[in-house]
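Chemist: Kindly produce the complete structure, drawing on both the sequences and the hints.
Under my numbering, the letters of the sequence shown match residues 1 to 755, in that order.
Don't take every hint at face value.
With a straight-line cut-off of 20 Å between C-alpha atoms, the simulated EDC-like cross-links for lysine to aspartate or glutamate are [what the hints assert, rightly or not]:
1) Lys-509 - Asp-461
2) Lys-329 - Asp-288
3) Lys-329 - Asp-313
4) Lys-597 - Asp-545
5) Lys-468 - Asp-545
6) Lys-186 - Glu-227
7) Lys-512 - Asp-347
8) Lys-66 - Glu-527
9) Lys-361 - Asp-300
10) Lys-651 - Glu-311
11) Lys-651 - Asp-684
12) Lys-232 - Glu-80
13) Lys-200 - Glu-69
14) Lys-361 - Glu-335
Keep in mind that the hints were calculated from the coordinates and are not lab data.
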Amino acid sequence: MKFYLFILLSFSAAEMNAQINTLTEKIVATRTSEKVLLDGKLTEASWTMATEYKKFMQAFPRPGGKPTENTMFKVLYDDEYIYVGVTANDTEPDKIVASGFARDNYVNFEDGVSLSLDTYNDKSHAITFYSNTLGARQDGEVTGNDNNFNRSFNTFWDVKVNRNGGGYTMEYRIPFSSLRFKSGEKVVMGFKLLRQIGRKNEMIVYPVSDSTISNITWRLSNETEIEFSGVKAKKPVYIIPYIRVSYWEQNKLNTATNQYEREKSFMQQNKFVRNKAFDKFLSNTGVDAKFGLSKNFTLDASLNTDFAQAEADNRIVNLTRFEINLPEKRNFFLEANDFLNFSIIPDEVLLFNSRNIGIEKGKLIPIAAGIRLTGKSNGYQVGLLNMQTKGIEDDSISPQNFSALRLRKDLFKNGSYAGVFFANRSTTNNKEFSNQTVAADYYHRINDFWSFGVNIATTKDKGLQWIKDKNNAANFFVMKDPLAGWGHFVTGNIINKYFNPESGFASDKGFKDIFILEGYTWQFGKEKKLNSILANISATYRFRDALNNYREFERYAGSVKLYYKNGSKLTWYGAASVDSIATTWQLSPDVLIKPGKYRMITNELFWQSATTKKIQIEFNPLFGNFYGGWRSSLSTNLTYNINKHFSGGVKYNYSKIEFEETAYAINNRFISHLISLNLYYNYDTKFSARLLWQYDNISKIISTNLRLRYNPREGTDLYIVYNPVLNADILAISPHMPRLNNQQVIIKFSTTINL
Numbered sequence: 001m002k003f004y005l006f007i008l009l010s011f012s013a014a015e016m017n018a019q020i021n022t023l024t025e026k027i028v029a030t031r032t033s034e035k036v037l038l039d040g041k042l043t044e045a046s047w048t049m050a051t052e053y054k055k056f057m058q059a060f061p062r063p064g065g066k067p068t069e070n071t072m073f074k075v076l077y078d079d080e081y082i083y084v085g086v087t088a089n090d091t092e093p094d095k096i097v098a099s100g101f102a103r104d105n106y107v108n109f110e111d112g113v114s115l116s117l118d119t120y121n122d123k124s125h126a127i128t129f130y131s132n133t134l135g136a137r138q139d140g141e142v143t144g145n146d147n148n149f150n151r152s153f154n155t156f157w158d159v160k161v162n163r164n165g166g167g168y169t170m171e172y173r174i175p176f177s178s179l180r181f182k183s184g185e186k187v188v189m190g191f192k193l194l195r196q197i198g199r200k201n202e203m204i205v206y207p208v209s210d211s212t213i214s215n216i217t218w219r220l221s222n223e224t225e226i227e228f229s230g231v232k233a234k235k236p237v238y239i240i241p242y243i244r245v246s247y248w249e250q251n252k253l254n255t256a257t258n259q260y261e262r263e264k265s266f267m268q269q270n271k272f273v274r275n276k277a278f279d280k281f282l283s284n285t286g287v288d289a290k291f292g293l294s295k296n297f298t299l300d301a302s303l304n305t306d307f308a309q310a311e312a313d314n315r316i317v318n319l320t321r322f323e324i325n326l327p328e329k330r331n332f333f334l335e336a337n338d339f340l341n342f343s344i345i346p347d348e349v350l351l352f353n354s355r356n357i358g359i360e361k362g363k364l365i366p367i368a369a370g371i372r373l374t375g376k377s378n379g380y381q382v383g384l385l386n387m388q389t390k391g392i393e394d395d396s397i398s399p400q401n402f403s404a405l406r407l408r409k410d411l412f413k414n415g416s417y418a419g420v421f422f423a424n425r426s427t428t429n430n431k432e433f434s435n436q437t438v439a440a441d442y443y444h445r446i447n448d449f450w451s452f453g454v455n456i457a458t459t460k461d462k463g464l465q466w467i468k469d470k471n472n473a474a475n476f477f478v479m480k481d482p483l484a485g486w487g488h489f490v491t492g493n494i495i496n497k498y499f500n501p502e503s504g505f506a507s508d509k510g511f512k513d514i515f516i517l518e519g520y521t522w523q524f525g526k527e528k529k530l531n532s533i534l535a536n537i538s539a540t541y542r543f544r545d546a547l548n549n550y551r552e553f554e555r556y557a558g559s560v561k562l563y564y565k566n567g568s569k570l571t572w573y574g575a576a577s578v579d580s581i582a583t584t585w586q587l588s589p590d591v592l593i594k595p596g597k598y599r600m601i602t603n604e605l606f607w608q609s610a611t612t613k614k615i616q617i618e619f620n621p622l623f624g625n626f627y628g629g630w631r632s633s634l635s636t637n638l639t640y641n642i643n644k645h646f647s648g649g650v651k652y653n654y655s656k657i658e659f660e661e662t663a664y665a666i667n668n669r670f671i672s673h674l675i676s677l678n679l680y681y682n683y684d685t686k687f688s689a690r691l692l693w694q695y696d697n698i699s700k701i702i703s704t705n706l707r708l709r710y711n712p713r714e715g716t717d718l719y720i721v722y723n724p725v726l727n728a729d730i731l732a733i734s735p736h737m738p739r740l741n742n743q744q745v746i747i748k749f750s751t752t753i754n755l
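Modeler: Right, dumping it as structure tokens:
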């Protein structure tokens, strides 16, 4: 292993010593005293005087190639706003694609423009602003130079678009109060602008930079700089009160368990006070607040935090032996994702998992209050969170307090950093439960291709000591990630038996593993329909702490991925694995897989149709051995953007497993069907509706989530949410279950007051 790492780190020494690409052209924004009317037409005299920038290059499909359409932009500013005016010429303006009005709904076959501002110019964190040609907006955050993209980030800004005979123009207006930056006589930020040409599946980028690196579009170290004079960071104060009206009913077995009886409730009660009427008022009102403590730090406070309008979870049929962590969908937590995130193994071992807050035993728990401090100063990024839940006495759920602190120091202005983390979760009505997590990490980007990192962590439960009681975890990785040529990735993990991040998530414990991947990418010229081919081979080894660290799992895999210039993809993945199960695994209520060593070979195909079309199809068959049986699975996904108002999609997942001998299972057959339907309607950028319908034959439950939203201006929302749940197998249980299991109607209004 040491020899392999030595060869890996020594490979291509010239690349290892290369400097991050630096750009000499700096954008000097033009200060204006003229009032700029936001109309998308760029007709004011100030726009005529501003410097134009038009040296773009292709990021896709031919990295470094000349754009097929001309694009130019200018930048103005005054004491309150940054204005970016974009002129996007098009030789075939009738073919410009506008998908819809939906907020925060990026579509890769449409035309649009995105710009990013690295407000501290630290090559580590940037805010992005995107609009299509209908003025539909999306904002987000890029962090870690390009490692993460948070599309759930929201802030205040606006854009207007003007279509014309030669293409379109866009006019962005971004308040300085929506940005964090260091005030000074000269303020320098990082800047990047992207234009998407939907019908050609073409992305162009400004500035021109090294086209051989991966992820050119969001790599912050290859941005240019933009300079402002005499601007000051603002310290805004926003108060966001809300009021909610709800009706809920559910069918429950009576005390004699011979009949279902319907329970009804109007206006939720959290039992904050004893007076019923006053408690209903307190339980259905609340307030969030955002205070600009300084030019760098923001404090968010919340009383009776509410997520009634959050999207419903997508169902998953889990065919693994380990728990799956569902993604967070509540904006309050998503907005601070980068400031609090710390993972030992992405998606498998997280030290902070916000889904633990307000969700326990499958129930929604009232969140009484919370505060969050986020910000950055002199390269130090700080995230601090404290949330208090109410608890539910009838369900034996105690009130709990959650605290998390994340501190990170940017290094070398290329996305490298060092950081520490602390979390605490404990009950507040007694001392029965208390858990802490402490961690540190270091990530180093050597250049635009090579990087490595190390993470270490330990946890403490009652009765255990720090570090000494097999309650530690560690990870390391080394990788080379080029656009073409050889790529390498090696990672190793140690997750001890009693490592227990109660504020986070751990799908498995008590193991050591190593993963090695080698890959090669071929890029093709513009005359080919095929854009690139990526071939990978990999090996995984996992050792269990029990029984003298026996090798529990090993896998040898290979894949070939074909990427076409129209956005379509074709992938083959094959794997041979050995998995040793030490204890009985209950796959489903009537399928029990016995302990033993299982040798398996699987093959999988994935095909995605062209992203340049309104109808897109994904087709994903899989077949192979499955723990003493034979598995055949099929996943399909069809989406259709009908017009600028309507779009929808349907997903279907099917799995069939037939076991060769009854010795492997109680029942020798497992069959699952999961179907979901998504429908979207957007009248304009202010009114929208979404329907999510789901059914699976394991739970035999049909659930629907219908959300209507009216957003007359940024920060003001009216939601109407209807959630019915139906029983699809009403005769399976005696007494027979009613068809309608439960239903809920919620009306919520919130508005933002700018003080």
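Chemist: If a hint holds in the structure, say so; if it doesn't, say that too.
Modeler: Taking the hints in turn, this is what the structure says about them:
Proximity of Lys-509 to Asp-461 is assessed by CA-CA distance (about 15 Å); at most 20 Å being required, the pair is judged to hold. Proposed proximity of Lys-329 and Asp-288 is supported: the alpha carbons are some 18 Å apart, at most 20 Å. About 8 Å separates the Cα atoms of Lys-329 and Asp-313, which keeps this hinted pair within 20 Å; it holds. At roughly 17 Å between alpha-carbon atoms, Lys-597 and Asp-545 fall within 20 Å of each other, so this suggested pair holds.
For a cut-off of 20 Å, the pair hint linking Lys-468 to Asp-545 stands: about 16 Å separates their Cα positions. A hinted pair counts as satisfied when its Cα atoms are at most 20 Å apart, and Lys-186 with Glu-227 qualifies at roughly 7 Å. Distance restraint check for Lys-512 and Asp-347: the Cα-Cα separation of roughly 17 Å lies within the 20 Å cut-off, and the hinted pair is therefore satisfied. For the hint pairing Lys-66 with Glu-527, the CA-to-CA distance comes to about 14 Å; that is within 20 Å, so the pair holds.
Annotation: proposed proximity of Lys-361 to Asp-300 is violated, straight-line Cα distance about 28 Å (limit 20 Å). Taking the CA atoms of Lys-651 and Glu-311, the gap is about 17 Å. The hint holds against a cut of 20 Å. Between Lys-651 and Asp-684 the alpha-carbon distance is near 26 Å, which puts this suggested pair outside the 20 Å criterion. Simply put, Lys-232 and Glu-80 have alpha-carbon atoms about 9 Å apart, close enough for the 20 Å limit, and the pair holds.
With a C-alpha separation of about 11 Å, the suggested pairing of Lys-200 with Glu-69 holds against the 20 Å cut-off. Our distance criterion of 20 Å between C-alpha atoms is broken by Lys-361 and Glu-335, whose separation comes to about 25 Å.
Hints 9, 11, 14 from the list above are not met by this structure, while the remaining hints are.
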